[in-house]
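Colleague: Single-letter residue listing:
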Amino acid sequence: MSGKAFFIDTTVCMACRGCQIACKQWNQLPATKTYNWGSMQNPKDLSFDTYKLVRFQEHMGQNNKPVWLFFPDQCRHCVEPPCKEAAEDEAPGGIFIDSQTGAVLYTDKLKKIKASTVIEACPFDIPRAQAGSGYMAKCTMCVDRVHNGLLPACVKTCPTGAMNFGDRDKMVDLAKERLATVKPRFPKASVTGLDDLRAFYLLSDEPKMYHTFANVMPLPNGMDRKVALKKIGRSLKGLSREWDLINKLAG
Amino acid sequence: MTNHWIDIQNSDCILIMGSNAAENHPISFKWVTEAMKRGGKLISVDPRFTRTSSKADFYAALRSGTDIAFLGGMIKHILDDDKYFKEYVAEYTNASFIVADSYDFKDGLFSGYDPKKKKYDKSKWAFVKDEKGISKRDLTLQDPRCVFQLLKKQYIRYDLDTVSAVTGTPKEDLQTVYEMYSATGQQGKAGTIMYAMGWTQHTVGVQNIRSMAIIQLLLGNMGVAGGGVNALRGESNVQGSTDHCLLFHILPGYLKTPSASLPTLTDYNNKFTPKTNDPLSANWWGNYPKYSVSLLKSYFGDKATKANDFGYSWLPKLEDGKTYSWLDIFDVMYKGEFTGFFAWGQNPAASGANANKTRQALTKLDWMVNVNLFDNETGSFWKGPGMDPKKIKTEVFMLPCATSVEKEGSITNSGRWMQWRYKAANPPGEALPDGQILMRLGKAVQHLYKKDQNAVFPDPILNLKWDYSTHGEFDPHKMAKEINGYFLKDMTIKGVNYKKGDLVPSFAFLQADGSTSSGNWLYCNSYTSKGNMSARRVREKSGIGLNLGWAWCWPVNRRIIYNRASVDKYGKPWDKEHPVIAWDPNAKDGKGSWVGDVPDGGWPPMLNADGTPNPKTKYPFIMKPEGHAHVFGPGLADGPFPEHYEPIECPVEKNLFSSQLVNPVAPTYDTKMDIYRSCDPKYPFVGTTYRVSEHWQTGVMTRWQPWLLEAEPQLFVEMSKELGKLKGINNGDKVIVESARGKVEAVAVVTIRLRPFQIGGNTVHQIGLPWHYGWVHPKNGGDSANLLTPSTGDPNTRIPETKAFMVNVRKV
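Those protein sequences? They're chains A and B, same order as listed. Just so we're aligned, residue 0 is where the first sequence starts under numbering that gives the first Met the number 0, counting upward by one. Just so we're aligned, residue 0 is where the second sequence starts under numbering that gives the first Met the number 0, counting upward by one.
Simulated from the structure, these hints should not be mistaken for lab results. Predicted model only: the values in this text are computed from it and were never measured. C-beta: ideal position from N, C-alpha, C; glycine also. There's no promise every hint is true.
In silico DSS-like cross-links for lysine-lysine, where the CA-CA straight-line distance does not exceed 25 Å [to be verified]:
id, chain 1, residue 1, chain 2, residue 2
1, A, K32, B, K778
2, B, K720, A, K207
3, B, K778, A, K64
DEER-style ranges, computed between Cβ atoms [claimed, not checked]:
id, chain 1, residue 1, chain 2, residue 2, range
4, B, K170, A, Q27, 51 to 57 Å
5, A, L150, B, D501, 58 to 64 Å
6, A, G165, B, M397, 36 to 42 Å
7, B, D501, A, V142, 21 to 27 Å
8, B, M397, A, T33, 55 to 61 Å
9, B, H476, A, L149, 54 to 60 Å
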């Protein structure tokens with residue numbers, strides 16, 4: 000598959016949040032008003048003004064030692080994006096794919112449709128609308144930088160190699176190589192979305208330990224994931240939420 | 000750092016203790032990550048599970064202020080289990096030295112203690128000399144009075160049970176850390192320590208680091224790639240400012256500040272020039288007079304002559320026995336004993352311990368000049384919380400200055416690399432580079448002294464050379480050349496002719512007769528006839544990451560200091576895969592030479608190829624008078640071996656190691672604002688302060704950056720779930736944290752990342768909070784955590800003890 004991709008290696012992410020700040024800086028996004036809510040994670044969630052957010056999750060691991068997981072959340076730039084599919088009828092051209100990189104890009108035309116149509120279609124809970132205007136925004140893959148031979152701002156700033164970007168094939172190879180390397184230390188490690196996304200994550204633990212929408216929930220009937228992404232993004236997300244609720248209730 | 004940032008990648012085991020490198024030195028994690036990708040292990044030891052801990056192979060918690068207990072246990076483990084690098088220890092350290100009978104240690108006190116003066120007589124801690132005046136040694140390390148045996152005796156008490164009862168670290172965790180780290184005692188393996196203010200900001204700060212230095216020497220980790228004792232400095236240029244004498248007790252290049260009892264240059268040089276009778280000891284500080292005289296020539300130029308002691312009498316002198324540190328300055332200011340103050344690039348009202356005392360001290364001034372980028376708690380102290388502007392006489396002047404990217408010059412990073420930076424933008428408005436402000440100030444003061452017929456002792460001011468401007472502007476190149484130094488007359492050295500005005504090629508050329516100048520001997524070689532060495536930008540293509548062509552490193556571009564200890568007595572590297580230097584006997588037409596890093600002196604190895612001793616060699620630790628690294632360190636204020644003492648404020652009534660509860664020579668102060676409370680039920684919890692990635696220091700630069708404030712908007716206090724339950728505090732609640740000295744409001748972060756400690760059978764809770772905030776901005780951000788911290792500190796350096804103190808926390 001041609002085009003570009005992010006490979007996000009959370010096993011070496013130390014949550015310095017350089018990526019989160021660099022994203023704001025390059026895209027000249029305003030700071031939102033925040034309060035400390037008992038977590039280092041701030042802002043609390045993605046927004047029209049926040050395309051990239053490092054999520055913090057802590058739990059007690061083996062041998063009574065804490066585990067602190069960091070998830071640099073952003074648009075996955077699906078190869079066949081359900082949001083595009085969902086928006087196509089009502090707002091043709093509202094979402095398009097950059098032919099050079101594969102970046103999924105939002106335009107002002109999205110104003111025409113209900114934001115929830117796009118938001119509900121995303122299995123990863125990424126798109127956000129501006130209150131009042133109806134404009135929608137999310138990570139752009141820094142296509143303006145990439146078209147000019149630069150790395151996306153978040154990748155450029157990352158000191159440890161957690162954020163990687165390049166030709167998709169190379170990123171896939173890197174992800175597989177890293178997975179093999181970390182597997183002895185993290186037996187539950189996996190890479191999400193190697194087949195159908197342009198932002199895939201190496202996770203040291205089950206995806207749900209990082210974030211509800213870290214990955215699409217596996218389907219009980221074994222349906223092809225690609226089809227699932229394309230056709231039923233909306234219900235997938237609903238399923239994810241229910242799944243999360245069930246897990247919480249189950250303790 | 001004895002090594003440097005990139006060199007961390009060569010380590011087999013990285014101990015991060017007394018620092019939180021992932022959060023406070025995030026770029027360092029590029030190299031930590033690289034080391035781990037190569038198979039290196041990472042250990043994090045911290046009272047709190049941090050972002051650093053999250054990446055570690057192993058994490059262990061300890062109570063703040065018990066690092067010596069923790070490390071003393073490691074020393075015992077290394078000795079008991081024969082994990083030490085025997086040849087290295089015997090040959091390169093003073094473990095083999097015989098200590099005089101006058102040295103003793105009893106129940107927490109070393110010999111020579113004067114309880115009235117709270118001071119030690121260090122002459123009791125001397126080495127035994129032979130008839131030639133050379134220190135006696137026992138290379139078998141068996142003599143009961145040799146350092147090695149005394150070390151064993153010292154730490155016999157540091158068994159796992161006692162260490163665990165003091166630190167609160169479970170025994171099995173201690174054991175795991177000790178085993179992981181001491182595995183680097185094998186030849187060819189290297190362990191490194193990354194520490195910062197978590198070790199220094201204690202009443203036993205220097206001894207914390209000494210403990211680790213002893214461990215590194217026992218394991219043969221000094222001088223080797225991936226080893227060393229590595230201080231992660233708290234600001235990008237703290238290394239540079241320390242090298243250039245930021246502190247009261249030193250002049251540039253770690254020359255000593257003169258004192259009143261040393262009236263002449265001869266007295267001064269004699270006092271600080273160590274002597275040795277050992278022909279195999281380089282005793283590099285024996286060159287002291289060359290550096291002191293070259294410095295005086297740099298200060299006073301032609302006015303400094305042999306006849307007038309090169310202007311030595313113009314230097315300010317310390318009163319003997321008196322200290323002039325940060326804590327002392329604000330103590331004296333609080334007592335109203337001086338009236339004017341420059342707060343330059345600092346924010347003392349938020350940055351120093353016991354900030355309420357500091358803020359009150361500022362009210363006693365007639366005037367203050369605040370040189371900074373932004374308004375801050377210091378410049379605006381007169382309208383701060385609890386202040387009545389009508390009653391404050393202090394007149395405050397604000398001088399806006401350029402940021403680091405708005406001026407040309409150098410910074411010296413933690414790895415001792417002096418790196419030149421170009422100016423990226425003009426400073427806004429009236430802001431000026433600090434150098435320019437200083438130039439104008441200096442000229443104005445000189446002018447006033449010149450004009451005033453009755454000026455008292457104008458000589459030091461009027462005789463200053465002070466010629467670092469070009470067209471009226473501060474010229475950083477002129478300054479950098481001045482620091483390097485010049486030949487002041489035509490001369491021939493080692494067959495090479497130098498003209499008056501030539502730059503000195505290195506400190507080996509500096510002279511004690513006034514024929515050379517150097518503003519800092521340690522930087523001599525940084526700006527030479529080859530140009531500005533710190534502006535070089537050649538990346539290494541292969542090798543161990545020394546990058547000898549990138550920027551410049553003191554001393555003489557040596558990237559790993561003590562590197563002659565990285566080889567055996569034949570000059571062969573202990574670690575074949577990561578050689579720092581190696582002796583090539585065929586180089587220089589068979590005369591032999593070192594290859595690799597710039598060696599610690601060019602002398603040949605200790606043994607010839609045939610195993611016979613080489614009389615031309617020198618011992619590797621050239622900065623020590625005897626040429627051997629100090630396992631036994633007789634120069635410190637609080638003892639030749641580190642010993643665990645509790646912090647000045649602590650949660651225990653007894654020190655389990657001795658009946659000496661706290662460091663017997665730690666300074667305390669006696670104004671009514673200097674309150675200390677141990678084991679007081681009103682303040683039952685251990686407190687500590689720290690930083691986060693998103694803010695810097697008191698936040699003067701970062702609190703005004705909306706994106707950073709968005710990520711870390713407010714003062715928070717981290718506590719365990721158990722403490723939250725005990726005090727009815729939920730995650731996100733507003734709470735008050737208070738000590739005997741002050742209080743702050745903060746948001747509670749109730750987390751599993753902090754856990755109560757079991758200390759001697761009792762449960763002890765610990766909390767922690769960052770010190771980045773202040774009342775000026777943002778409005779709901781909270782105030783400085785230093786309102787809580789005590790005015791006490793290390794007896795050697797006087798750095799405040801802001802990492803361990805006692806507090807209470809309650810819901811608002």
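Colleague: All hints are to be evaluated individually against the structure, with a verdict given for each.
Modeller: Quick rundown of the hints versus the structure:
{"no.": "1", "hint": "K32/A <-> K778/B", "verdict": "holds (12 Å)"}
{"no.": "2", "hint": "K720/B <-> K207/A", "verdict": "holds (23 Å)"}
{"no.": "3", "hint": "K778/B <-> K64/A", "verdict": "violated (37 Å)"}
{"no.": "4", "hint": "K170/B <-> Q27/A: 51 to 57 Å", "verdict": "holds (54 Å)"}
{"no.": "5", "hint": "L150/A <-> D501/B: 58 to 64 Å", "verdict": "violated (46 Å)"}
{"no.": "6", "hint": "G165/A <-> M397/B: 36 to 42 Å", "verdict": "violated (49 Å)"}
{"no.": "7", "hint": "D501/B <-> V142/A: 21 to 27 Å", "verdict": "violated (55 Å)"}
{"no.": "8", "hint": "M397/B <-> T33/A: 55 to 61 Å", "verdict": "violated (30 Å)"}
{"no.": "9", "hint": "H476/B <-> L149/A: 54 to 60 Å", "verdict": "violated (33 Å)"}
Figure legend: structure checked against the earlier numbered hints; hints not met, in rising order: 3, 5, 6, 7, 8 and 9.
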